Amino acid sequence: MFYSRVKKGIGIVLVTMLAFSSFEYVPIFSNDSPVSAASNEIVTTEAGTWFETAFATWTGSTDADYEVYIKGENIVDWRDGSLIEDFLTDWTLVNDEENKLLVRVVDKARGTWRVDIPGLPKGEYEIQIRDREGKVLETFSNLETRSFPRNGAAFVPSNENEFVGNHEFALDGAVGGYLPDGRVNPEAKIIYVTEKNKETTFWGNAVLQTDRGDIPNKRTPLIVRFVGTVTGDDRLVGAGNGNITFEGIGPDALLYGWGIRTGGAHNIVIRNLNFDYWPNDAIELNGQNTTTRASNYWVHNNNFGYGQNLYLANAADPDQAKGDGAVDVTNHARNYTIAYNHFNGSSKVMLIGGGTSSISAHYGTIDHNWFEGSEERTPRVRNGRVHVFNNLFEDVQGHPYHNTLFERNTGYGIGAAHNANVWAEGNIFDHVNFPFLRSRQGHARGFQSNDFGSDLPSGTPNAGYNHFFGDAPGFIVSYEAVTEGDFPETLEGFRTLNDVMPGITQEDLDALREAALNLQPNVFDESSAKNFNVKEDVGIVVAHDSTTTNPNMSTSPAAQLDWKFRPSEEGVWPTGTAEQSQALRTEIESYSGAQHAAKVQEAPTTPVISSVVINDEVRSAVGQFIEAPGKIVVHENTFTVNWVNKDVLTEKYEIQWDQGSNEWTTLKTVKANGRPTSFITQDIDQFANLRSILAEAEEGGAYSFRVRALNSAGASEWSDVYLVGELRVVDAATSAVVNKLNSNQNELTVTVTETYQNRTTHEITDIFTIKNNAEGTYTVGDYKVFVNTKGNTQVRACYIVE
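Here the sequence shown is numbered in UniProt numbering, starting from 1 and rising by one per residue.
Some hints here could point you the wrong way.
To be verified - Quick list of in silico lysine to aspartate or glutamate cross-link-like pairs, DMTMM-like style, CA-CA up to 20 Å:
(1) Lys599 / Asp252
(2) Lys196 / Asp172
(3) Lys671 / Asp616
(4) Lys652 / Asp107
(5) Lys671 / Asp252
(6) Lys135 / Asp63
(7) Lys218 / Glu187
(8) Lys189 / Glu162
(9) Lys671 / Asp395
(10) Lys135 / Glu67
(11) Lys100 / Asp252
(12) Lys71 / Glu97
(13) Lys652 / Glu636
(14) Lys108 / Glu187
(15) Lys189 / Glu97
(16) Lys668 / Glu651
(17) Lys790 / Glu775
(18) Lys535 / Glu492
(19) Lys100 / Asp65
Simulated from the structure, these hints should not be mistaken for lab results. Computed from a predicted model, the values in this text were never measured in an experiment.
Starting from the given sequences, assemble the full structure and let the hints guide the process.
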């Protein structure tokens, strides 16, 4: 343990040992209500639209009291392009009593206000800011909204489903608490949830049932709007409580440390939310059982980070080192569209079917998602008829604890596991270890050898351990499967007709081939193409010997090609040329994820370091997957740097240290998000494998730290220097002044200026009476200083004598 001490009259903050916790958080709370009226002068900053939302920001007094109005024209229904009549034809108050939190202070330090107005179908709108007396302060015009793309399975009426489980509870598809045309349902109940009011608005009562009628599955529509960061525990919707939209207001709505489970509810929409640090799944679409088969889910335009490290915290399976799934579909859920989401760093991203019997045949759509830095399951499908199109897979590299092949982690893009029927088209693969995997054959045979494909090692056919464990084969219909792959010319080309659902004829096979040829091609960069075996990783033929043991294969339900199924082609972007692929990439990078924050116009304010701790060793939990004494998660004598910065404009932090050399070195630049403003000076992966120690304390050492905030507009000033350890002088400079006295005597003033590691200075001064033209060595504090004054009052030399 190291302590600072007082030296030369300068007080230094004592550094004490603090218990380190991997799972603390410092949430940023949103303003809960408008404040009292004051000056209403404003400076406009920005207005714009994001899909079916219009927004505006302005700068004014945080004590002001504003009213916001909106009106529109040429507003159309996305379904048929017809005009919507009698909607916002006159100026309409936005922040009425029920919707006060749509207008709020988002940056107290700069007096920035913001309004977000969801529920605006494609059209042209104006926003007006007024004071409480009705004076118009600003008008924003020419705001054109764009319809959300509504593609695929979520929008099939619940009584028109081609699989088992039709019902009358989502006849307009997935609309949640809105009308089918995108407007707020006038009958909907709307609640706003913030960190401050959550106990009474969301957790403290049965909000998902209260005042919504007594008939399950026919509840009054409900819209739950989250403002700012909201922490808590997983929330279960529950069977019968559907017709709900969960949505964030603005770009900063964050659900931190918890997720949403539908639990058998129908007609659920989840959008414009940021999810991070969830303990189980961020979103679980749960159909409840084979009787309920809950349906019509639309999960779109959300951002997903990654979950809690349950591997190190609980010694759970290593594949939970970044938490569980981001969006999982289970327990016979069906008719879902998962679209325009951004998965950034998620590990087990999307599991469709938790087991071979936990999900039945159904229709699902996955489109225009950005899987960036994910590891696997994007998605992994069991039993579903799933259309996966126009997604961007980028840097999907897996991890070393879930099988390896060719010394590569088995990170994969689209996985067809037990009885999956996946239609894959128009997807872009950049730096993906294995773009496609089909259970029990090709590259899915894991890290043991097999001899299918010229790029695979020789050995017993399909003997390698199945990456999808006991799952039976899956099927992937793609353009490549026909043009280059195993697509059979005749029925005799199948291994056995037991691999195909009954009733297929040659004419049916030809029609299926024609449909596959009309699909858009998938696009591979060189790295991704290297481990794509078109003969085995996609296609509809089950390879011979692929259903052998290693491990034993499940046979219920039987794995069979559904040759009748055809997904909707509505909303598919072409990818046949480089220009078309680039247009798709731009669309995904520009519009996937939650609403983007406005471009910053000024640098953030300076952070304040609250503490720097020299760490004791901390180890993980021990259990089935981690042997005693556990893995080191915090290395001894590393530092934990904690700082405070509530500036909403901060995008990154840069942390530097000086280890006593009087030179600053950058340790790391870290992203600003909802997680703690804290940094441990070590580089470890999610499995606690040490890459390097970035900064380490030694006995008797003294170290300085500083932090600054960054954004695209610039950088803040550096924080005040925080010193850890014994204060040491890093530089000493001398100066001398001679004043003439009587006769042949002079007064010599000698000063030594010390500079310490924290960049503070201290002066030590002494005065001596000397003769004219004297030279000599004088004691000033702990220093011996030589001064030459030849020339009476002139100082010809002054330096410290070593």
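Here is what the structure says about each hint:
Between Lys599 and Asp252, the direct Cα distance comes to roughly 14 Å. Compliance with the 20 Å bound is thereby established for this hinted pair. The hinted pair formed by Lys196 and Asp172 fails the criterion: a straight-line CA distance of about 35 Å is larger than 20 Å. Between the alpha carbons of Lys671 and Asp616 the distance comes to roughly 26 Å, so the proposed pair goes past 20 Å and is violated. A distance of roughly 17 Å separates the Cα atoms of Lys652 and Asp107; the hinted pair therefore holds under the 20 Å criterion.
Distance check on the hinted pair: Lys671 and Asp252 sit about 15 Å apart at the alpha-carbon level, within 20 Å; holds. Distance check on the hinted pair: Lys135 and Asp63 sit about 17 Å apart at the alpha-carbon level, within 20 Å; holds. For a cut-off of 20 Å, the pair hint linking Lys218 to Glu187 stands: about 13 Å separates their Cα positions. Only pairs whose Cα atoms come within 20 Å are accepted, and Lys189 paired with Glu162 is rejected, the gap being roughly 32 Å.
Restraint check for Lys671 and Asp395: the C-alpha separation of about 18 Å stays at or below 20 Å, so the hint holds. The hinted pair formed by Lys135 and Glu67 meets the criterion: a straight-line CA distance of about 10 Å does not exceed 20 Å. A hinted pair counts as satisfied when its Cα atoms are at most 20 Å apart, and Lys100 with Asp252 qualifies at roughly 17 Å. For the proposed pair Lys71 and Glu97, the alpha carbon gap of about 19 Å is at most 20 Å, so the pair holds.
For the hint linking Lys652 to Glu636, the alpha-carbon distance of about 27 Å lies beyond 20 Å, and the restraint is violated. In summary, the hint linking Lys108 to Glu187 is not supported, as the alpha carbons are separated by about 35 Å, beyond the 20 Å threshold. Taking the CA atoms of Lys189 and Glu97, the gap is about 13 Å. The hint holds against a cut of 20 Å. Pair hint Lys668 plus Glu651 holds up; C-alpha atoms about 14 Å apart against a cutoff of 20 Å.
A distance of roughly 7 Å separates the Cα atoms of Lys790 and Glu775; the hinted pair therefore holds under the 20 Å criterion. A hinted pair counts as satisfied when its Cα atoms are at most 20 Å apart, and Lys535 with Glu492 qualifies at roughly 17 Å. With a C-alpha separation of about 11 Å, the suggested pair Lys100 and Asp65 falls inside the 20 Å cut-off, and the hint holds.
This entry does not satisfy hints 2, 3, 8, 13 and 14, going by the numbered hints stated previously.
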